[in-house]
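In order, the protein sequences belong to chains H and E. Residues in the first sequence are numbered from 10 upward in steps of one, following the working numbering. Residues in the second sequence are numbered from 150 upward in steps of one, following the working numbering.
Honestly, I wouldn't trust all of these hints.
As the list claims (entries may be wrong) - List of simulated lysine to aspartate or glutamate pairs, EDC-like, C-alpha gap at most 20 Å:
id, chain 1, residue 1, chain 2, residue 2
1, E, Lys253, H, Asp430
2, H, Lys345, H, Glu252
3, E, Lys300, H, Asp430
4, E, Lys334, E, Asp367
5, E, Lys300, H, Asp396
6, E, Lys378, E, Asp367
7, H, Lys344, H, Glu446
8, H, Lys449, E, Asp256
9, H, Lys345, H, Asp386
10, H, Lys449, H, Asp71
11, E, Lys378, H, Asp485
12, E, Lys266, H, Glu252
13, E, Lys266, E, Glu252
14, H, Lys345, H, Asp430
15, E, Lys266, E, Asp256
16, E, Lys233, E, Glu425
17, H, Lys174, H, Asp151
18, H, Lys344, H, Asp261
19, H, Lys428, E, Glu441
20, E, Lys300, E, Asp367
21, E, Lys266, E, Asp303
Said to hold, decoys possible - Some chain E residues near chain H, calculated using beta-carbon distances under 7 Å:
id, residue
22, Val294
23, Val390
24, Gly438
25, Gly440
Said to hold, decoys possible - Just the calculated beta-carbon pair ranges, DEER-fashion:
id, chain 1, residue 1, chain 2, residue 2, range
26, H, Gly493, E, Thr356, 32 to 42 Å
27, E, Pro255, H, Ala56, 48 to 58 Å
28, H, Asp19, E, Trp200, 45 to 55 Å
29, E, Trp200, H, Gly372, 51 to 61 Å
Just so you know, these hints were derived from the structure itself, not from any lab. Using N, Cα and C, we set each Cβ at its ideal position, and we do this for glycine too.
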Amino acid sequence: MAADGVARSDALASNSAANRRFYKARVPIYPKMVHGRFRQIKWIMMAITLGIYYLVPWLRWDRGPYAPSQAVLVDLAHERFYFFFLEIWPQEVYYITGLLILAAVALFLATSLFGRLWCGYTCPQTVWTDLFILVENIIEGDRSARIRLAAAPLSGGKVAKRVAKHSIWLVIAVLTGGAWVFYFTDAPALAHGLLYGSAPFAVYGAIAVLTFTTYSLGGLMREQVCTFMCPWPRIQGAMTDNEALAVTYRRDRGEPRGPHKKGQSWEGRGACIDCNQCVAACPMGIDIRDGTQLECINCALCIDACDDVMERIGLPAGLIAYDTDANIARRIAGKKARFRFVRPRTVFYAAVMTVVAAIMVFGLATRRTIALDVFRDRNPNFVALSDGSVRNGYTLKLMNRANKPRRFYLSLDGIRASKVDVIGIGNVVLPVRLDVEADKVRMLRVLVTVAPRNLRPGTQDIQFRISDAAHRETHDIAAVFVSGGP
Amino acid sequence: MSNDNKKEVDDVSGTETTGHEWDGIKELNTPLPRWWLGLFYACIVFAIGYWILMPAWPTFGGYTHGLLNHSVRDDVQVAVRALKNARTAKETELAHASLQQIEKNPDLLQFALAEGKASFGDNCAPCHGAGGQGSRGYPNLNDDVWIWGGKLEDIQHTITVGVRSTSPDTRQSQMPSFGRDGILKPAQIDDLTRFVLHLRGHPADATAVKRAAKLFADNCSVCHGTDGKGNRSMGAPDLTVHSGWLYGPRPEDIHDQIWNGHGGVMPTWGGRLSPETIKSLAVYVHSLGGGE
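Just chain H, same shape as in the assembly (with noise of 0.2 Å):
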């Protein structure tokens, strides 16, 4: 006993130095249920990212009979990436480079504010090894109930619960990765299709490979991943300092620690009773009180624990909590603790997150929906005809990003010419009118002859001009006309 109505759990963390060997099976976990104000945070947080996943791509956004009416769409077959009231083409992958670093360093931000919010409440790795841990939970039970059936001989009901936690650790999975192929193409039809049969090789490829993956990671590795393969911990180092929130065991309050009898006395002793609670709670596996270290994602279960465990013994709770290493050296020295969250690295993500979400913001509120692309040919440069005049041939694209077709008008500025041939169509008088069909690219060749008194040596600095019907949108782009000397 650690004390009186509290056991002491014999939990060992998996990484101590008893436990070592040349080439390491994974030490199984099991880690006991807690109940408390952060395991109740972490089940919303649960239900929230699981239900954003799985639920978005049946989102509808209606965008007219030209194009797809899914709200959040990666359409890799015609090139588009769909996200409600916005459109975005290959040209535009800049938007999605800017989300993705917006996101980094929010990421950053929170980090260096509070800790590992990420590892701890929203990574998927953290998600689906709660989930199927949760499930294991059900099925086996508690922590003493699953290490006394991994200690048991082979028997009917030890068989039937296995093949049952597997079963639904597959089926959780299948779901997984049918969620995930629901975001590349319409949710609706592909599920028809998956249904009966009749989806794409690619596609059960894909559900194939995420229902291995979510297995194998979620409900096998589970914590090997967060230890030995994300980048993620190792870069925390560089992310937080000590004044960074982290899930933190107060050493100055808890030790020295020792079992605790009742009636004796608690001066010139710590508040941690060696109950190993917090231990026991670990997903990780590893002991909290060892101080901050790699392995911890800050899931905050541990605070749960050992909250319960000083509740029954009558002490006040938030011997773990979230606290900075700078705080406890500021108890020790006798100085009150405080929370520098305003700190020359947190100001420093803040002001960079505020510059791109401006760039982002401007570049999509500037965002214009038709656009022009000029290319000169370069072989040959020129050419000369009988009569002396010159011409140049362009290749002209025009794009229509608007999800109805409409009707372009080309011109030209900066030089007289005496015939423009559009090939496809002929001879042409300036301005020509184009159709372009809905959100697509429209390719011409156009041959612009100047006669020989229009000419100036060298080259001529022209403009080709594209305007919808109504003329709410231009696009001029800047061109040379070369005539090849005098």
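Position chain E against the provided structure of chain H, taking the given hints into account.
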């Protein structure tokens, strides 16, 4: 130097050291995860399997072929055959359509232009240039100056039979070497040069032009026409054009051509390229901008 076999346990991490020490630096002997080791062994097994099944090791005379006898060259042959099959439908359409019909059918036109462009790069670009702009002695196919005619049928015929080629039906023209063969005197050739410049609208010495008028009528107009506008059936160029001079427009170039009478060779493609390919080429060249 290392001091051997002094295994100890590091205080901070609880891990054993390897037992060696180099200049006071020691290394921890942290265990590998078993799953990592398992994957590593699996890679080794995969490698051995690959050696057995696929081409893998060089031998003195060749290489090991593997049980599956896979060859990338075979894959390419299969792919080329499949491509030929895929093209057959369009090629047949092309064979049955006339040149004008091809130009009017957008689908067929797109195919013909693509085939023409690819064939042009393979066969014609070495002489006519990648963009068809030509150079001295090789006509510019983009402009509107045609020695043998710029209509679709003319272009098709020129490609098929060639110019001064080995084909019995070849287009044939001969510019005499007036200077080299001593047909005309040097002074006469000088005057003719000025006359040709005058035909083009270039300012030239009036007396020389007057002297050369009779020379031109006697020697040149039989092919180039009395007005110098050329004769396509004889392959005699129009001498009044501003550009498209095959051997150069400068006075020295014209003098050189009258003196030496250059004439290049265009190969005959009739037996080498299929009729459909030649049709595609004709359509492509015609579309470069100067077609008639």
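Structure-based check of each hint:
Annotation: proposed proximity of Lys253 of chain E to Asp430 of chain H holds, straight-line Cα distance about 17 Å (limit 20 Å). For the proposed pair Lys345 of chain H and Glu252 of chain H, the alpha carbon gap of about 14 Å is at most 20 Å, so the pair holds. Restraint check for Lys300 of chain E and Asp430 of chain H: the C-alpha separation of about 18 Å stays at or below 20 Å, so the hint holds. Restraint check for Lys334 of chain E and Asp367 of chain E: the C-alpha separation of about 14 Å stays at or below 20 Å, so the hint holds.
Between Lys300 of chain E and Asp396 of chain H the CA atoms are separated by roughly 19 Å; this keeps the pair inside 20 Å, and the hint holds. For the suggested pair Lys378 of chain E and Asp367 of chain E, the alpha carbons sit about 16 Å apart, so the restraint of at most 20 Å is met. Distance restraint check for Lys344 of chain H and Glu446 of chain H: the Cα-Cα separation of roughly 71 Å exceeds the 20 Å cut-off, and the hinted pair is therefore not satisfied. Under the criterion of a C-alpha separation no larger than 20 Å, the hint pairing Lys449 of chain H with Asp256 of chain E is consistent with the structure, at around 18 Å.
Between Lys345 of chain H and Asp386 of chain H the alpha-carbon distance is near 74 Å, which puts this suggested pair outside the 20 Å criterion. With a CA separation close to 19 Å, the supplied pair Lys449 of chain H and Asp71 of chain H stays within the 20 Å bound. With a CA separation close to 43 Å, the supplied pair Lys378 of chain E and Asp485 of chain H exceeds the 20 Å bound. A C-alpha spacing of about 67 Å is found between Lys266 of chain E and Glu252 of chain H, which places the hinted pair above 20 Å, so the restraint is violated.
A distance of roughly 15 Å separates the Cα atoms of Lys266 of chain E and Glu252 of chain E; the hinted pair therefore holds under the 20 Å criterion. Distance check on the hinted pair: Lys345 of chain H and Asp430 of chain H sit about 82 Å apart at the alpha-carbon level, beyond 20 Å; violated. Note on Lys266 of chain E and Asp256 of chain E: the hinted pairing holds, with a Cα-Cα distance of about 16 Å set against a maximum of 20 Å. Only pairs whose Cα atoms come within 20 Å are accepted, and Lys233 of chain E paired with Glu425 of chain E is accepted, the gap being roughly 13 Å.
The straight-line distance between the Cα atoms of Lys174 of chain H and Asp151 of chain H is roughly 14 Å, inside the 20 Å bound, and the hint therefore holds. Straight-line distance between C-alpha atoms of Lys344 of chain H and Asp261 of chain H comes to about 13 Å, which keeps the hinted pair within the 20 Å bound. A hinted pair counts as satisfied when its Cα atoms are at most 20 Å apart, and Lys428 of chain H with Glu441 of chain E qualifies at roughly 15 Å. At roughly 31 Å between alpha-carbon atoms, Lys300 of chain E and Asp367 of chain E are farther apart than 20 Å, so this suggested pair is violated.
In summary, the hint linking Lys266 of chain E to Asp303 of chain E is supported, as the alpha carbons are separated by about 19 Å, within the 20 Å threshold. For Val294 of chain E, the shortest C-beta to C-beta distance to chain H is roughly 5 Å, which falls under 7 Å, so the interface hint holds. A distance limit of 7 Å between C-beta atoms decides the matter here; for Val390 of chain E the minimum to chain H is near 4 Å, and the interface restraint holds. Hint status for Gly438 of chain E: holds, given a least beta-carbon distance of 5 Å to chain H, under 7 Å.
Given hint, Gly440 of chain E at the interface with chain H, is violated; its Cβ is 11 Å from that chain's nearest Cβ, farther than 7 Å. A C-beta distance of roughly 33 Å is found between Gly493 of chain H and Thr356 of chain E, which places it inside the suggested range of 32 to 42 Å. Evaluation of the 48 to 58 Å hint for Pro255 of chain E and Ala56 of chain H yields a pass: the beta carbon distance comes to about 56 Å. A beta carbon spacing of about 50 Å between Asp19 of chain H and Trp200 of chain E agrees with the range 45 to 55 Å that was offered as a hint.
Between Trp200 of chain E and Gly372 of chain H, the C-beta spacing of about 53 Å keeps the proposed range 51 to 61 Å intact.
Taken one by one, the earlier hints fail for this structure at numbers 7, 9, 11, 12, 14, 20, 25, listed in ascending order.
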